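Each chain sits in its own coordinate frame; assemble them with the hints.
Quick mapping for you: the protein sequence lines, in order, are chains A and B.
Each step along the first sequence adds one to the number in our numbering, with nothing skipped, and position 92 is 92.
Basically our numbering = 1-based index in the second sequence + 293.
It should be emphasised that the hints constitute simulated quantities derived from the structure, not laboratory data.
It is possible that some hints are incorrect.
Unchecked claim - Dumping the calculated DSS-like pairs for lysine-lysine here, alpha-carbon to alpha-carbon at most 30 Å:
hint, chain 1, residue 1, chain 2, residue 2
1, A, Lys3, B, Lys568
2, B, Lys361, A, Lys152
3, B, Lys564, B, Lys491
4, B, Lys564, A, Lys107
5, B, Lys491, A, Lys107
If you're wondering where the values come from, they're calculated on a predicted model, not measured in any experiment.
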Amino acid sequence: MEKRVVFQSPWLPYALVAPQIAVTVVFFFWPAAQAVYWAFLVQDPFGQSSQFVWFQNFTDLLRSSNYLESFKVTAFFSVLVAGSGISISLLLAVMAERVVRGALIYKTLLIWPYAVAPAVAGILWAFLFAPSIGIVSYWLRLAGVDWNWNIKGDQAMLLVVIAATWKQISYNVLFFIAGLQSIPRSLLEAAAIDGATPFRRFWTIVFPLLSPTTFFLLVINIVYAFFDTFGVIDATTQGGPAGATQILVYKVYNDGVKAADLGGSAAQSVILMIIVISLTVVQFRFVEKKVQY
Amino acid sequence: MVENRPWADFAAHVILILGVVVVAFPLYVTFIASTLTYDQVITVPMKLTPGDQMLHNYAQVLSAGSEKGSHAAVLPMLLNSFIMAMGVAIGKIAISIISAFAIVYFRFPLRNFFFWMIFVTLMLPIEVRIIPTFKVASDLNLLDTHAGLILPLIASATATFLFRQFYLTIPDELAEAARIDGAGPVRFFWDVLLPLSKTNIAALFVILFILGWNQYLWPLLITSKEEMYTVVIGIKRMIAGGDATSEWNLIMATAMLALLPPALVVVLMQKWFVKGLVETEK
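Bound conformation, chain B alone (with noise of 0.2 Å):
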């Protein structure tokens, strides 16, 4: 800037560091509640130090859930929110992938049909169809299986919209090239138009990841085995209701351990982020 206010810029980081430190607060006491005993944690005010149960309370919850609330372990539970993440985001992708390839690269009767069938979806959020959704799941003996986790939700227009506008700026040469070198559409896909989509790819799978893991309304609808829980819903099963007869250290360390993964993936892969971001939005 052509000018130089050096008042103005410190109110800018004054505000900055405020806004920073209200974001980060519930964090910061989510993690030192995690370190402290049942006592210390019920203890008003709570004391913002950590404490020195951190190792027991992580190992605790990881082996046997809380003592008061569900005895679920947290352990399978993340298993359970990695698998639904992963199989959503990758079931996601890959059914995106080929329909907009299909979409773009082939003239076919109904293709605008299609087209139009999987725009709608965007207009059929999971939560206005709660009950016949969660009866299909029911009718296909989807209930308490990672199947039925996923599946349900693989659909995706966003994803299939961003692929489309990907391949339509991708020059028609290409293909031409392709097809006079003898290569079939597969191989074109294959060879051609994947490679060319990683970074798509990659930006897209961050977003979805985090997507997947912090489902909550349709892991809460089709899970009821302890053994099937994601992290998300175990700590809500694990509120025994009750301010004080809640073991908040170790609902915290699960707290703990249900953001860390994809707040991990958030800010390790900030680029591919903030691009699958802007770009599945706009």
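Here chain A stands alone, though its shape is the one from the complex (with noise of 0.2 Å):
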């Protein structure tokens, strides 16, 4: 879509489009250049020299167990996080939909989470489940688990799974109340006067109704499981233990700003940015073409 009257400036803008320009300049593609760049080369200890080497650095990844193994969480990490996510908010935004009275006062009351910073919601949770002193580790000793996500891996997962989901809640219930929103009520009222039962209503209308929406928080889901969740990780587990919540994002930092491995961090950078190009196209093709069954 284009304008048809437009003003005529021969510099007027470029100034208005040069702040934008610039920042995305210095601050995006000059850094992600120079991270492709790194990703072939090698530094020596000291970093006083570097080398270039072609892929090693990517073969050395694809080769290091360490790394195959933070996929794997991540992959793991991810689906949990979306799927939870997405069945807990769907079940909620439904039931709000249903209840004619007090549906704006639950509607806030789910919603707030959006505005807990990542890293405060891991905190939270890691609060609630401190082995020794948190309130639900006390009840889940009660109710005979031996609980330390400081231990065992399976428990931290879980921990920074609740803590990740929970946040993103309230962000998945108002899509859906939106998508609900936008469903014919005359579909659902035939179907009722069909005798329907609200149950089968909601799988052969509602659901397939829906299914734009839920693709769509589907792809938004894994970005944020992917990229977001590093303040959550940090604040709690930090990629322990042993490595059963690293994360891909959170292990770019930890070689990258810890162990200082220049190279290696920055093959990590190049394949998680092929990643997120791979997810925006998915999302601007898929969701434009409206999933439907």
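Structure follows, in structure tokens:
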């Protein structure tokens, strides 16, 4: 879509885009290009000289069991966060649509966690689940669960999944409510008159018509789990124990900032870039098409 | 609905109340912990009714931080967070609104190229270019400055899109009328487009303020001095390590202070928040 009526000026449009372009070049394109360049270098331990090594950093990564493990952890983590976040939110949104009384209050009480920073969300849940003093850990011990996520990898994973999902529920609920409101009432009423139970109406009408929203949220939640959960991990498990919650983004940070392995970290950045680019392409191509049954 | 199913309605309320309670539970425990003494907070199980240390704990963290972990006072951190959130929100809106104006209302060489450049930033989140971006900031002497916290984050593909979409829905007659009346592009932008964009600006502002307030990775990288910490970084630094050695009552008071401002923005400006969220992501 283009405007018929436009203004003429030889310099003004350039001046108007200049600030944004300057920021993108200095802080986005230049660093991204450097990450790509560094990915092909190996530095000596003192940072004095570096050598061009083609794809050695990448082959090293793909041969490192540590990195492949981190890939698995990330995949598992994002499937859990997206899956549980979407199903819980869908349930809550459908219920909130159903009730007449108090719908706005429920909605308000469900959306506020959106405002909580991922790192703070991590700290809140880490406190509840703190092995020796946490109140939930205490209840778990009463129930006979041996709870200590400082040692047990699967419990650490459960903790970060809970914290990450909790923060994201509000977002999903809002989109599901918006999606539900766009379903024509007449369809549901016709089905009800024909005797379809609420359960059946959900699976045959509501769920299929919601599929564009669900698919959109799936992509958004995966992107969230991949990138925005850095704060959750850093504030709680810091990738531990023994790498059980070391997602890819955390590993880039750990290897690059803490271990100062520039080449290896840059190669990981490039792999992450490829992942983001493909996710963005999927999001734009398929969300536009509106997934339908 | 055409039918009356009291049991289904009842079940819906039960599920919703359960959901609300589970969602609110961490906040409740955080609040309670922030009103207890250190000894009370490390007692197992911690009591779940408010204690009487609220004023003391909050005054302590605001002025002097924790005793065992970081000693940095939280009040300046809140100020830093506020400056960063406002800077990011206003900066993003300002540079996006003018670049969208240029892209929609002018024809000039490289127009599409610039548009794509802005678009591609979506695919380069800070997480994938951590170290090179840090190096740029360091070369530009931006470490431990407010400008360093704000500037690298203010490019915004989503805000530019949103304004572009909105401008495309504005009837051409408005621009035509403005031109016939002798208004130049700047005048048209200032007197026509800007007032029409008010609701979009408000909605975006709410989203971007929260985004800026909650930043973690970037401030973690470029702030090393205590007086430049944002509050989210400050909390992390208070955790001394080990469950019982951290002063959870003080950490939780700081957590309350860190989450209240953005939570209030969401709840009080709910209408703008929902609009901003739904429109920026579509």
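- Message: Check whether the Cα positions of B:Lys361 and A:Lys152 lie no farther apart than 30 Å.
- Response: 27 Å, holds
- Message: Holds or violated: B:Lys564 and B:Lys491, Cα atoms, limit 30 Å.
- Response: Measuring from Cα to Cα gives roughly 14 Å; hence the hint holds.
- Are the Cα positions of B:Lys491 and A:Lys107 separated by 30 Å at most? 25 Å, holds
- Query: Given the hinted pair A:Lys3 and B:Lys568, is their alpha-carbon gap at most 30 Å?
  - Reply: 25 Å, holds
- Task: Take the C-alpha atoms of B:Lys564 and A:Lys107, compute the straight-line distance between them, and say whether it is at most 30 Å.
- Result: Holds, because 12 Å separates the two Cα atoms, which is no more than 30 Å.
Checked against the numbered hints given earlier, the structure satisfies every one of them.
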